[in-house]
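Same order as they appear, the protein sequences are chains A and B. For what it's worth, the numbering used here labels the leading residue of the first sequence as 84, then goes sequentially. For what it's worth, the numbering used here labels the leading residue of the second sequence as 9, then goes sequentially.
Derived from the structure by calculation, the hints contain no laboratory data. Some clues are possibly wrong.
The calculated label-pair distances, taken between Cβ atoms and stated as ranges, are [what the hints assert, rightly or not]: (1) B:Asp443 - A:Ala408: 42 to 48 Å; (2) A:Tyr112 - B:Asp340: 58 to 64 Å; (3) B:Glu100 - A:Ala408: 30 to 36 Å; (4) A:Ser412 - B:Ile66: 26 to 32 Å; (5) A:Arg405 - B:Leu332: 48 to 54 Å; (6) A:Tyr112 - B:Ser337: 25 to 31 Å; (7) A:Ile95 - B:Ser337: 44 to 50 Å; (8) B:Glu118 - A:Val197: 30 to 36 Å; (9) A:Lys410 - B:Lys73: 34 to 40 Å.
Cut-off 20 Å, straight-line C-alpha distance, at most; resulting in silico cross-link-like pairs (SDA-like, lysine to any residue) [claimed, not checked]: (10) B:Lys320 - B:Phe278; (11) A:Lys192 - B:Asp319; (12) B:Lys380 - A:Ile267; (13) A:Lys301 - B:Ser337; (14) A:Lys85 - B:Gln407; (15) A:Lys301 - B:Asp340; (16) A:Lys190 - B:Gln407; (17) A:Lys410 - B:Ile360; (18) A:Lys115 - A:Ala96; (19) A:Lys301 - B:Asp319; (20) B:Lys61 - B:Cys148; (21) A:Lys86 - A:Val393; (22) B:Lys200 - B:Asn174; (23) A:Lys86 - B:Phe278; (24) A:Lys190 - B:Gln339.
Beta carbons: idealized from backbone N, C-alpha and C, even for Gly.
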Amino acid sequence: MKKVAGIAIILIAVIIITTLIDINFIRPYNMKNILRWTGLFGLLSVGECFVILTGGIDLSLGSIVGLIGALSAHFLKVQRMSIPLTLFLCIGLALIMGLLHGVLVTKVKIPPFVVTLCGLFIYRGMARFTMKDITQGYGNEFEGLKFLANGRIPSAFWSSGSAPKIIADWSIPMPFVILVIVGIVLAIFLNRSIYGRYILALGRNERAARFSGINTDKMTIIAYIISTSCAGLAAILFSLDLNTVQPSTAGSMYELYAIAGCVVGGTSLRGGEGGILGVIIGTAIVRVLYNSINIIGIATQLEYTVIGLVILVGVSIDEVLRLIAAKRSLKEMQKEK
Amino acid sequence: MQDKQARRLLEMRGITKYFPGVRALNNVDLELNRGEILAIIGENGAGKSTLVKILGGIYYPDTGKIILDEKEVIVDSVQTATNLRIAFVHQELNLSDNLDVGANIFLCREPRKKNIFRLIDQKKIYEDTKKILKRINMHCSPYILVRELTIGSQQMVEIAKSLSINAQILIMDEPTSSLSRYETEQLFKVLKELRSQGVSIIYISHRLGEVKEVADRVMVLRDGAVSGHLSQEEISHDNMVRLMVGRDIEKFYRRKHVVTEKPVFEVKDFIVPSKPNRRINFSIYTGEILVLAGLVGAGRTEIAHALFGIDKPLSGEILLNGKLLKINSPQDAIREGIGLVPEDRYLNGLIIEMAVEENITLVGLNHYQKMKMIQFKMARSIAHEMVTKLDIRLRNIYQVVESLSGGNQQKVVLAKWLSLKPKVMLLDEPTRGIDVVAKEEIYRLIERLASQGVATLVISSEMQEVLGIADRILVVYDGEINGELRKEQANEEAVINLATGGK
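Could you put together the complete structure from these sequences and hints?
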């Protein structure tokens, strides 16, 4: 909890600093955008977090966003499939991908980095081939479904334009609402269910977990399924939000934002350490940084550099604090003796 | 015959070494002549390895001096030892198996070319390697990758490495523990060849038969002190065993429970994957503490792992109360009521960064859940109960295990399993690395388990422990049960005799 508080303070600090530089940052329009993007990227991050907790990594998420996003638009707009069937096929496909990743990692014992790197290439290629590189979209149909991506509550409960200004200004974008719901479910799973405890245990020490009778393979596979399923859901929302999916580029590099969100949110790449709330705040920090670069007027070409540097500094501070704490406890132990 | 002074190469005088809480060596003297094979033997923990590690520059003695070639030397690092032409072949091979033979032999001492780039002189490496390999009669290409060699050949590469520094003293710490019979014979041939070339060899082994075969002289250590020397004519199995034992074994407590003649846990024709040619048969009776004794590396941990489903056995049957068990994984073993306290609590026994409560409830979490949701109240009360029962000393149950003392950590491992009320408990070196008081407490717990009718199997390499707690002792040698000793017949001599391959 101490760590989450620290991360939250960083988020607030970044918000305050940016606001002081340019008051436009805090305006409703901008905040609405940040929350929507946090919701979309947050879904990727919370999924990724489970794989990282097992000590692995999932690099395939960006390509899954491309493939599933294109497929969902294609199924609905071109194939004229029903909405439930489309959702079922898309999420089902994502789930199977995770199952495959998990089985390859645990049973065939291929390193997670390699398995999901191959996924990154394969799914991108499949997206381009099946769509023949043609950009997919929903046109001006499916307004109901699009509400999930660019609607807001509670302003949506008023007929269009009639909501009081304060509500119209400060309504919460749907992707963020969805992230909160998914986040709560996953947080309960991680912290309150026996499976969550097993995943945390095996991430710390897989051998000891196995010696304790935990089916470590099964738990690891579940983590990969959670990761890709979240990405599948995010993929549909991303495509609805943008209403255009270019099979060759959609979602490209998103896996790195997902990992960044986890790392900034206090998830240790060594495994076994991290939490959902931290990851959501971490994702928000990355989004706020991204946004403030535009607002403050730093050259957009420097965008990646700034994000990279900020993450590096943050993680370095964390490690240094950890070293200091370790030294202090060592001294105390020596004193006791 | 030259005079004695000229033959003497090395003397270690009055070596004493303390480790936290123990005196590993007490005023030990060692002499080594030129062109001699000196075997050092002794029980586990007698101080053999410590002594040679001091000579190899890995440890520094608290008192004592080392005289090499009549000059006093200070061996304060491995580098110094190398410069003094002292080479050390460790029990675990220290080779980079992704590099070839030549590269391994000259690792960190690569000859460089004389030009400005100072690149590695590959040609010289392989020419010198060929010469060295010839010296030990090894016919293999210097270009072959080490991982493609057998363990025996890899050992030869280690020896070749020591020859490349032109060693005058070669220390070998249990070199044959992973070699086949044939490879061992080859190794001895080479050692004898080196001896005739004037190299002095210090040879540590548990296998008394081999010592007899290769040693010119034997030095015996017991509890960190020299308990005797044997000249070549005197080397015999009985003489060696006699010098290795000779301590009074105190009983830790009086046993109260009654051992019945009804077998609870039976193992029949069991074959462990690491020793496919050995069959294991034994039973544990109600109320009995059965101890698997033997030397480190005899294959006892592997037996426990196979019984617990970590490594699948190749064949064999396990029966609990006459019922045949199917155990393919630790989950199966736990379901059938088998628990394992593993040898290494940091690696296998605990998740040290997690809380005491989380560790204790980890194995039984399945029982403390409703619809897969952890019942925290229940888990907490189980943890509290176990902490009280085992008298684990801590501030609170949410403390991370890492912050507890070794003894209390080990009690957490026990608490984990006892919370499940097992029918069979396998305990692999349950008192390793913990203080005397905690040991005593753990013995009492094991005793209580047995008296409650739990079939209890303890693996131990500590003689006092073996003789102190066992109702019956099975002595394991080279992956098989070499003999059985009832409590009445058991003494140190008998155990060591069986543990070193005697009959």
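Do the hints match the structure? See the list:
1. Evaluation of the 42 to 48 Å hint for aspartate 443 of chain B and alanine 408 of chain A yields a failure: the beta carbon distance comes to about 27 Å.
2. Judged by the Cβ atoms, the range 58 to 64 Å given for tyrosine 112 of chain A and aspartate 340 of chain B holds: they are separated by roughly 60 Å.
3. A beta carbon spacing of about 33 Å between glutamate 100 of chain B and alanine 408 of chain A agrees with the range 30 to 36 Å that was offered as a hint.
4. Look at serine 412 of chain A against isoleucine 66 of chain B: about 28 Å separates their beta carbons, and that is inside 26 to 32 Å.
5. Checking the proposed 48 to 54 Å range against arginine 405 of chain A and leucine 332 of chain B shows it holds: the Cβ atoms sit about 51 Å from each other.
6. Roughly 57 Å separates the CB atoms of tyrosine 112 of chain A and serine 337 of chain B, a value that falls outside the hinted 25 to 31 Å.
7. Range check, isoleucine 95 of chain A to serine 337 of chain B: Cβ separation about 48 Å, and the 44 to 50 Å hint holds.
8. Remark: the range hint 30 to 36 Å for glutamate 118 of chain B to valine 197 of chain A is upheld by a beta-carbon distance near 32 Å.
9. Between lysine 410 of chain A and lysine 73 of chain B the Cβ separation comes to about 36 Å, which falls inside the hinted range of 34 to 40 Å.
10. Annotation: proposed proximity of lysine 320 of chain B to phenylalanine 278 of chain B holds, straight-line Cα distance about 11 Å (limit 20 Å).
11. The hinted pair formed by lysine 192 of chain A and aspartate 319 of chain B meets the criterion: a straight-line CA distance of about 17 Å does not exceed 20 Å.
12. Only pairs whose Cα atoms come within 20 Å are accepted, and lysine 380 of chain B paired with isoleucine 267 of chain A is accepted, the gap being roughly 16 Å.
13. Taken as a hint, the lysine 301 of chain A and serine 337 of chain B pair is honoured in the structure, with Cα atoms around 13 Å apart against an allowance of 20 Å.
14. Using a Cα cut-off of 20 Å, the hinted pair lysine 85 of chain A and glutamine 407 of chain B holds, with the two alpha carbons roughly 16 Å apart.
15. The hinted pair formed by lysine 301 of chain A and aspartate 340 of chain B meets the criterion: a straight-line CA distance of about 15 Å does not exceed 20 Å.
16. This hinted pair does not check out: lysine 190 of chain A and glutamine 407 of chain B have alpha carbons roughly 35 Å apart, beyond 20 Å.
17. At roughly 18 Å between alpha-carbon atoms, lysine 410 of chain A and isoleucine 360 of chain B fall within 20 Å of each other, so this suggested pair holds.
18. For the hint linking lysine 115 of chain A to alanine 96 of chain A, the alpha-carbon distance of about 19 Å falls within 20 Å, and the restraint holds.
19. Restraint check: the Cα-Cα separation between lysine 301 of chain A and aspartate 319 of chain B comes to about 18 Å, which is no more than 20 Å; the hinted pair holds.
20. About 31 Å separates the Cα atoms of lysine 61 of chain B and cysteine 148 of chain B, which puts this hinted pair outside 20 Å; it is violated.
21. A C-alpha spacing of about 17 Å is found between lysine 86 of chain A and valine 393 of chain A, which places the hinted pair at or below 20 Å, so the restraint holds.
22. For the hint pairing lysine 200 of chain B with asparagine 174 of chain B, the CA-to-CA distance comes to about 16 Å; that is within 20 Å, so the pair holds.
23. For the hint linking lysine 86 of chain A to phenylalanine 278 of chain B, the alpha-carbon distance of about 51 Å lies beyond 20 Å, and the restraint is violated.
24. The suggested pairing of lysine 190 of chain A with glutamine 339 of chain B holds, with an alpha-carbon distance near 17 Å, which does not exceed 20 Å.
Taken one by one, the earlier hints fail for this structure at numbers 1, 6, 16, 20 and 23, listed in ascending order.
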